[in-house]
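Starting from the given sequences, assemble the full structure and let the hints guide the process.
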Amino acid sequence: AQSVTQLGSHVSVSEGALVLLRCNYSSSVPPYLFWYVQYPNQGLQLLLKYTTGATLVKGINGFEAEFKKSETSFHLTKPSAHMSDAAEYFCAVSGRGSYIPTFGRGTSLIVHP
Amino acid sequence: KAGVTQTPRYLIKTRGQQVTLSCSPISGHRSVSWYQQTPGQGLQFLFEYFSETQRNKGNFPGRFSGRQFSNSRSEMNVSTLELGDSALYLCASSPTLESTDTQYFGPGTRLTVL
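Chains as they are written, first to last, in the working numbering: chain A, 3 to 115; chain B, 2 to 115.
I should point out that these hints are in silico values taken from the structure, not numbers from a laboratory.
The following label-pair restraints were derived from C-beta to C-beta distances:
{"#": "1", "chain 1": "A", "residue 1": "60", "chain 2": "B", "residue 2": "70", "range": "34 to 42 Å"}
{"#": "2", "chain 1": "B", "residue 1": "52", "chain 2": "A", "residue 2": "98", "range": "17 to 25 Å"}
{"#": "3", "chain 1": "B", "residue 1": "78", "chain 2": "A", "residue 2": "9", "range": "33 to 41 Å"}
{"#": "4", "chain 1": "B", "residue 1": "14", "chain 2": "A", "residue 2": "54", "range": "42 to 50 Å"}
{"#": "5", "chain 1": "A", "residue 1": "58", "chain 2": "B", "residue 2": "52", "range": "35 to 43 Å"}
{"#": "6", "chain 1": "A", "residue 1": "20", "chain 2": "B", "residue 2": "78", "range": "41 to 49 Å"}
{"#": "7", "chain 1": "A", "residue 1": "56", "chain 2": "B", "residue 2": "18", "range": "49 to 57 Å"}
{"#": "8", "chain 1": "B", "residue 1": "63", "chain 2": "A", "residue 2": "73", "range": "35 to 43 Å"}
{"#": "9", "chain 1": "B", "residue 1": "14", "chain 2": "A", "residue 2": "60", "range": "39 to 47 Å"}
{"#": "10", "chain 1": "A", "residue 1": "64", "chain 2": "B", "residue 2": "115", "range": "39 to 47 Å"}
{"#": "11", "chain 1": "B", "residue 1": "61", "chain 2": "A", "residue 2": "64", "range": "35 to 43 Å"}
None of the values given here were measured: they were computed from a predicted structure.
We treat Cβ as the ideally placed atom computed from N, Cα and C, and that holds for glycine.
In C-alpha cells:
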C-alpha cells in the first residue's frame, strides 16, 4: 500500500523568494517518487523523479527535490520563484511491484509580483 | 516525437447518455493509463492497458470501461452518465510497466455532464 500527503493545498510566495512544496509518502516497498506540474487546462508534466542513487534530484525549470528516507519526505524546492512557476504541483509515489503511481491532492503555487 | 493526444478536448453530455474518449500514446509506448481528475477527489486511477490487456483497475463502477487496440491507442467509455462524472479525464502513456517509468500525460478531455 502506498499514499502521498502534500502539506498545504495552497502556497503563496513572492517572485524571487524560495519555493518549498512539501510531500510525505508512505510505501511498503522502496519508493519511486515523482513531482509533476500542471498548468491550467493542460495535462501533467514531469518535473523530476527519484528511483535509485543520489538522493538529491535535479529537474527541469530549476526545481530540485531531496529524498529523505528517515523522514519519508520528498520536498520540492526552487531557490527563486518566477511568475511562470504559478501552477498546480503533484507529488506521486510508486514502487517495485506497484507500478501504478499514487498521486497527492496537489499544491497550488501562487507567485506574487 | 509527438506527445500524447486526446480527443475530443471538450465534451458536453446529458445525464443518461454515454461517451467515448480517445487517447493516442507516444509512438512506441505500450502502456496507457486513464485518470479522472476532479476538484473534490483529485487524481484517481481508472485503469491501465498494456498490449491490449487491462492490467490494473481502480475503484470505479462498471459504467467505466476501456480498451486498447493493437496500435496501442486506447478508448474509455462511460455509460449512463451521472452529474458526478463531470471531470477532466487524463490519459498517460509509458514505455512499459516498470515502476520507474515516467508517465507522459495528454492534455485531457474535459467532460461536462448536465
